[in-house]
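Number of protein chains: 2
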Amino acid sequence: MEKQELSSSRPVIKYINGIKTEVSDPVVNEIPLTVMLNGEEFATLVCSPVFEKELVIGFLAGEGIVKDPNEIKDYFYRDTQGVVWVETVNPAPQLDTFLCRNFASCCGKGRPLLYFVNDQNLVTPVEGKVSLSAENIFKLMRQFEEESETFKMTGGVHSAALAEGDSILAKYEDIGRHNALDRVMGYTFLNRINTGGMAVLLSGRIASEMLIKTARIGAPVVISRSAPTGLAVDYALQYGITIVGFARGNSFNVYCNEERITYS
Amino acid sequence: MEKQELSSSRPVIKYINGIKTEVSDPVVNEIPLTVMLNGEEFATLVCSPVFEKELVIGFLAGEGIVKDPNEIKDYFYRDTQGVVWVETVNPAPQLDTFLCRNFASCCGKGRPLLYFVNDQNLVTPVEGKVSLSAENIFKLMRQFEEESETFKMTGGVHSAALAEGDSILAKYEDIGRHNALDRVMGYTFLNRINTGGMAVLLSGRIASEMLIKTARIGAPVVISRSAPTGLAVDYALQYGITIVGFARGNSFNVYCNEERITYS
Chain A
30 MEKQELSSSR
40 PVIKYINGIK
50 TEVSDPVVNE
60 IPLTVMLNGE
70 EFATLVCSPV
80 FEKELVIGFL
90 AGEGIVKDPN
100 EIKDYFYRDT
110 QGVVWVETVN
120 PAPQLDTFLC
130 RNFASCCGKG
140 RPLLYFVNDQ
150 NLVTPVEGKV
160 SLSAENIFKL
170 MRQFEEESET
180 FKMTGGVHSA
190 ALAEGDSILA
200 KYEDIGRHNA
210 LDRVMGYTFL
220 NRINTGGMAV
230 LLSGRIASEM
240 LIKTARIGAP
250 VVISRSAPTG
260 LAVDYALQYG
270 ITIVGFARGN
280 SFNVYCNEER
290 ITYS
Chain B
30 MEKQELSSSR
40 PVIKYINGIK
50 TEVSDPVVNE
60 IPLTVMLNGE
70 EFATLVCSPV
80 FEKELVIGFL
90 AGEGIVKDPN
100 EIKDYFYRDT
110 QGVVWVETVN
120 PAPQLDTFLC
130 RNFASCCGKG
140 RPLLYFVNDQ
150 NLVTPVEGKV
160 SLSAENIFKL
170 MRQFEEESET
180 FKMTGGVHSA
190 ALAEGDSILA
200 KYEDIGRHNA
210 LDRVMGYTFL
220 NRINTGGMAV
230 LLSGRIASEM
240 LIKTARIGAP
250 VVISRSAPTG
260 LAVDYALQYG
270 ITIVGFARGN
280 SFNVYCNEER
290 ITYS
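In the order they appear, the protein sequences are chains A and B. Numbering of the first sequence is given in my numbering, commencing with residue 30 and proceeding in unit increments. Numbering of the second sequence is given in my numbering, commencing with residue 30 and proceeding in unit increments.
Only chain A is shown next, with the shape it has when bound in the complex:
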């Protein structure tokens, strides 16, 4: 799938300050990618046409379908159809049990349980004792944003990355911010990476689902140039994740579990 491109040129009519021109402009590519799990249609991900293996395996690992790379018996991508065939050691779960709402939920008082039963069963508190300096946060975010060439060209993709200290270990772009983070999950899962000292970097907002995915990845810190939601902060408090938001230029906000951040 790496042969395909994040964007391609399209004819566009530009109207700027009263002047109309016809040009060719890059537009971000988007495809539907269907996951066939043990012969049954499991899900269709609408995504950028790159790094499909990290995305599909990251998605399946995040949902708890596979718990170790050895559980994947067979993997085949048929790009002309936009279909990935995955065979696993264990049988596929019943799909209708999957997005079941956890009704002892965060709308009430008390501890905020995750809204899907499957997440509540899978996600455990993050234990990482990493210490991250303000200087490293600034450096990581500069590097993270400088590299987002496709966004600059098309305005159309989100990025997610995995970082340690002041280095970015892996970075993925996708039209969907969930997909970009699922690819990070796939990368850590397929390479059996111990994420206990690492941080997740995001270009977009930290909504609750992004926080849950960070917890599944096992990274104790999530950093974004954008804002978290209230529910994401509730979950981060519950699962021990440090949220750094609005990380831009020489400033950032810390929303919870501040003990992992050092200033100087």
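These are computed hints drawn from the structure, not numbers from a lab. All of these numbers come straight from a predicted model, not from anything done at the bench. The reader is advised that the hints may include incorrect statements.
For identical chains, the list gives no copy identity; a pair is met inside one copy or between any two copies.
[To be verified] Calculated lysine-lysine pairs in the DSBU-like style (CA-CA distance at most 35 angstroms, straight line):
1. 158 to 43
2. 96 to 82
3. 96 to 158
4. 102 to 49
5. 168 to 102
6. 96 to 49
7. 200 to 43
8. 168 to 49
9. 200 to 96
10. 49 to 200
11. 49 to 158
12. 102 to 200
Place chain B on chain A using the hints.
Okay, now just chain B, sitting in the frame of chain A:
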């Protein structure tokens, strides 16, 4: 649900140019909202806690579950549980037929079919013969962005609106851009609005799913300050929708079906 707020204050540590302060800052609210359709769990929408009826009915109407407001026999929102109970005249569809992939799909050559079978069965070409001037596009987008106070405060919500001529008829904000547009769908459906001469305004990107929702709403023009995806342009060509992207200040791009835009 209107009693709840889009955002609420949280304690935040701000670090700006080497100075650390503890303040109270607005963070956008997010809740899981579960739709019980005829007594069965149908879907959980993760959304902003406002205008839940437009969202839920817009979601159900968009999926073809209800085709007329009269088909809704009963509607009840239990806000302490985050659950909406909907009773319809017709029985609920089988959930597992719902997100089935349409395999004669857009990845091959030829006409780009919508990726889900349900969408392909529901969405029809838009016929609106509206003419929209560049001046109206600029005026609408200025008005659309000026009003987004929550975004300015929290950086955390997307907006979608319905416009006619140079007026905005309805505007909704949500942490999820799909939800914001589903609310527009709910508004047009519940008020039986003829959308044939109208435009949809979006704060976020025009991905294929947003284009499909615009087609379901029946608006012939979609305008965003951001970019469309290639698949959205393909679908817009197929379904006769005009895409205006990067509408900012005194400029915009037209990606297809330009005959509805007038300059002068």
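Structure-based check of all given hints:
Proximity of residue 158 to residue 43 under the C-alpha cut-off of 35 angstroms is restricted to the inter-copy arrangement: shortest distance 22 angstroms between copies versus 51 angstroms within a copy. For the homomeric pair residue 96 and residue 82, the shortest alpha-carbon distance inside one copy (16 angstroms) is at most 35 angstroms, but the shortest distance between copies (39 angstroms) is not. For a Cα distance limit of 35 angstroms, the shortest separation of residue 96 from residue 158 inside one copy, 24 angstroms, qualifies, whereas the shortest one across copies, 54 angstroms, does not. In this homomeric assembly, residue 102 and residue 49 never come within 35 angstroms of each other (Cα to Cα): the closest approach is 56 angstroms inside a single copy and 52 angstroms across copies.
Taking identical chains as interchangeable, the C-alpha atoms of residue 168 and residue 102 are never at most 35 angstroms apart, the minima being 40 angstroms within one chain and 57 angstroms between chains. Neither within a single protomer nor between protomers do residue 96 and residue 49 lie at most 35 angstroms apart by alpha-carbon distance, with minima of 55 angstroms and 41 angstroms respectively. In this assembly of identical chains, residue 200 and residue 43 lie within 35 angstroms of each other by CA distance both inside one copy and across copies; the values are 32 angstroms within and 27 angstroms between. For the identical chains of this complex, residue 168 and residue 49 are inter-copy neighbours only, at 18 angstroms across copies versus 41 angstroms inside a copy, given an alpha-carbon limit of 35 angstroms.
When the C-alpha separation of residue 200 and residue 96 is checked against a cutoff of 35 angstroms, the pair qualifies only within one copy, where the shortest distance is 23 angstroms, while the shortest distance between copies is 44 angstroms. When the C-alpha separation of residue 49 and residue 200 is checked against a cutoff of 35 angstroms, the pair qualifies only between copies, where the shortest distance is 30 angstroms, while the shortest distance within a copy is 38 angstroms. When the C-alpha separation of residue 49 and residue 158 is checked against a cutoff of 35 angstroms, the pair qualifies only between copies, where the shortest distance is 22 angstroms, while the shortest distance within a copy is 57 angstroms. Taking identical chains as interchangeable, the C-alpha atoms of residue 102 and residue 200 lie at most 35 angstroms apart only when both belong to the same chain, with a minimum of 27 angstroms there against 49 angstroms between chains.
The structure shown violates the earlier hints numbered 4, 5, 6.
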